[in-house]
Each structure stands twice: as C-alpha cells, then as structure tokens.
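Listed below, chain by chain, are the residues.
2 protein chains.
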Amino acid sequence: MITNMKHIKKELTDKNIKPTYQRLCILEYLHDNLVHPTVDMIYNKLVDRIPTMSKTTVYNTLKIFSENNIVNEITITGTETRYDTNCKSHQHFLCKKCKKIYDINITYQDSEIINKDIFGHKVQEIHGYFKGICKQCLENDKIKD
Amino acid sequence: MITNMKHIKKELTDKNIKPTYQRLCILEYLHDNLVHPTVDMIYNKLVDRIPTMSKTTVYNTLKIFSENNIVNEITITGTETRYDTNCKSHQHFLCKKCKKIYDINITYQDSEIINKDIFGHKVQEIHGYFKGICKQCLENDKIKD
DNA sequence: TTTCATATTTGTAATCATTACAGATTAATA
DNA sequence: TATTAATCTGTAATGATTACAAATATGAAA
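Protein sequences appear in the order of chains G and F. Numbering (our numbering) for the first sequence: 5 to 149. Numbering (our numbering) for the second sequence: 5 to 149.
Worth flagging that the hints you see were computed from the coordinates, not collected in a lab. There may be inaccurate statements among the hints.
[To be verified] With a straight-line Cα cutoff of 27 Å, these simulated BS3-like cross-link-like pairs (lysine-lysine) come out:
1. F:K92 - G:K22
2. F:K126 - G:K135
3. F:K100 - G:K92
4. G:K139 - F:K67
5. F:K104 - G:K135
6. F:K101 - G:K92
7. F:K104 - G:K126
8. G:K103 - F:K139
9. F:K67 - G:K100
10. F:K103 - G:K135
Using the sequences and the hints, build the whole thing.
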C-alpha cells in the first residue's frame with residue numbers, strides 16, 4: 005500500500021462517488037501500478053485480498069472512474085482496454101513485439117487545444133500514441149545477431 | 005468504382021501481394037470509402053457483388069494490408085477496429101455522442117519523429133486522436149435548448 | 001492440356017473481452 | 001428497526017476476432 009488511503013478516499017468523495025471498499029481498492033491498485041493494467045490484471049490481484057470480488061464490479065467501477073476522469077481508457081492494443089491514472093498529459097508507445105506500453109512525455113500544447121474547438125468540434129480528450137519496437141526488444145535483437 | 009483498378013492492382017503487386025479479386029475489391033472499397041469502415045461495413049457492401057465472400061477473407065485481407073502498411077488500424081472506439089487508407093498523416097476525432105470519426109488535419113512534425121528514436125524506442129507509427137462532441141451534435145443540442 | 005503443389009478462400013466452431021441482467025448484499029435514512 | 005436505494009455478485013448473452021480444416025483457385029512443370 006504505497007498510496008495514502010485517505011487521499012484516495014477524498015479523490016472519490018470529491019467527485020460524489022461513494023467510496024466503497026471495492027472502489028477504494030481498485031483506485032489504490034491503479035495508483036500503485038502505473039503499468040496500464042487490464043481488467044484481468046486488476047481483478048486477479050484484488051481477488052486475493054477480496055475473495056468475493058467480481059469481475060463485473062471491476063468493469064462497473066472502471067466505467068464510473070472513466071466517466072469522472074479518474075482514469076483514462078487506453079485502446080491502443082485493439083484487443084482489450086488498458087487503464088491509466090497518470091493524470092499528467094502524456095503519450096503512449098506500444099511495442100509491437102513485446103506488447104508493453106511505455107509512457108512518453110513529450111510536451112504537447114494541450115492548453116491550446118483542450119476544451120477549445122477544432123473545426124467546430126469540442127475537444128474533451130487528447131490521446132497520442134506511437135507504435136514500433138521498444139528499446140529492450142531492439143537490444144535483444146542485437147544480441148542475437 | 006471511383007478508383008482506378010489498375011492503380012489498385014499495382015499497389016498490391018508492388019508489395020508482392022497477389023492481387024486476387026477479393027483483395028482488389030476490398031482495397032477498392034477502402035479507397036472509395038474513407039469513412040473508417042468496420043469489417044462488417046466492408047463485408048456487407050461487398051457480399052452483394054461477391055456472394056461467396058466470407059467475413060474471414062475480409063479479416064485475413066485487412067491483416068495483410070495492415071502488415072504491409074496499406075491500411076491503418078484505428079482502435080479508437082475500443083469496440084471494433086476501423087480501417088483507414090488515408091496515407092497522409094492525420095489525426096482522428098471521435099464524437100462520444102454519435103460515434104462518428106472525423107479526420108483532423110493538424111500538421112504534425114512527423115518527419116522529426118518517424119523512424120527515429122524516442123527514448124531509445126524505434127517509432128514506426130504515429131497516431132493521434134481527440135475525443136469530444138462533434139460540431140453536428142453540438143448544433144443539434146443547441147436546437148433542443 | 002493435365003497434373004501436382006501451393007496459396008487463397010470459405011464456413012463453422014472456438015475464444016475472449018465486455019455487457020446485460022437479476023438476485024443478493026450492503027449502506028443510508030427515517 | 002423497517003424501508004429504500006445503491007452496490008455488488010454470478011451467470012448468461014453478446015459481439016468482434018481468431019483457429020482451423022475443407023473447398024477452391026492459381027500457377028508451374030511435365
């Protein structure tokens with residue numbers, strides 16, 4: 005338990021979300037595991053501590069969190085949604101080989117775009133991502149040669 | 005048939021992809037319908053002309069196209085993959101209300117990033133997208149008020 | 001042209017993430 | 001405590017995608 009529980013509780017009550025035990029645990033997990041986890045990863049970890057935990061609860065909770073901008077949904081892989089609580093604006097890099105998602109901190113001119121119009125559309129979220137081969141995989145390949 | 009068939013055929017042979025009738029029809033459809041279609045949209049349109057067309061063929065073909073950079077896979081919605089042959093670098097805007105995907109042409113400094121390293125990772129694709137409420141939906145809401 | 005090997009297409013069944021739903025449980029209020 | 005609403009849970013349904021094997025088409029060699 006790295007993240008302070010009171011802090012997490014406040015994050016929910018501030019948004020008028022009832023801080024149930026399940027919700028607190030899920031949010032705590034997200035804060036402590038900034039690895040863009042899947043629903044399965046979250047569920048499998050928490051079911052140890054809360055044996056009655058249901059996967060549906062994980063889905064429901066993440067939906068509420070997403071609607072309240074507590075987490076971002078990352079759909080980069082195309083197979084399953086990943087979840088991210090890193091609130092600082094950042095991009096993602098998906099390695100096509102090992103499928104790991106890296107955070108990329110390239111400063112964007114968010115403030116110039118967010119909540120303003122682009123061709124008349126109201127922008128609420130900005131997502132940027134890159135795909136390629138990650139450093140680790142490049143090095144592994146080098147060794148094989 | 006807006007796009008020239010010979011042109012399409014060349015696009016495939018240039019990449020050593022056998023230009024079968026099914027593949028030509030799918031690529032032609034993609035060129036003529038830059039609406040980020042789903043597999044279902046492609047299949048349902050083409051099955052009229054090719055009654056034996058199988059949805060699996062559409063999947064197989066799009067996979068080959070994607071691997072050869074003939075189409076881009078757009079996973080913005082999180083529910084199904086959309087396909088795009090617009091080769092000019094551009095971003096996408098997903099309307100959270102009507103689910104339509106718009107092309108957004110904000111010039112990026114692609115050339116500065118593509119095929120170069122970002123923190124040691126080799127970047128092969130750049131994707132950028134925005135989510136929000138589109139112009140049309142904003143106007144529809146205005147009328148209701 | 002015929003034969004053979006290979007690539008492609010097809011249809012069905014399986015998989016897997018996600019959602020729908022309804023009953024059980026918990027919390028909140030009077 | 002009784003009542004009501006919110007939340008949680010487990011199962012079943014959905015829907016996109018993939019696996020797979022049989023059918024078909026293609027292309028080369030004889």
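Now the hints, each set against the structure:
1. F:K92 - G:K22: Judged against 27 Å, a Cα distance of about 46 Å means the pair is violated.
2. F:K126 - G:K135: Holds, at about 8 Å.
3. F:K100 - G:K92: holds (22 Å)
4. G:K139 - F:K67: The hint holds at about 25 Å.
5. F:K104 - G:K135: holds (24 Å)
6. F:K101 - G:K92: Measuring from Cα to Cα gives roughly 25 Å; hence the hint holds.
7. F:K104 - G:K126: holds (14 Å)
8. G:K103 - F:K139: Distance of about 35 Å is beyond 27 Å: violated.
9. F:K67 - G:K100: holds (14 Å)
10. F:K103 - G:K135: holds (24 Å)
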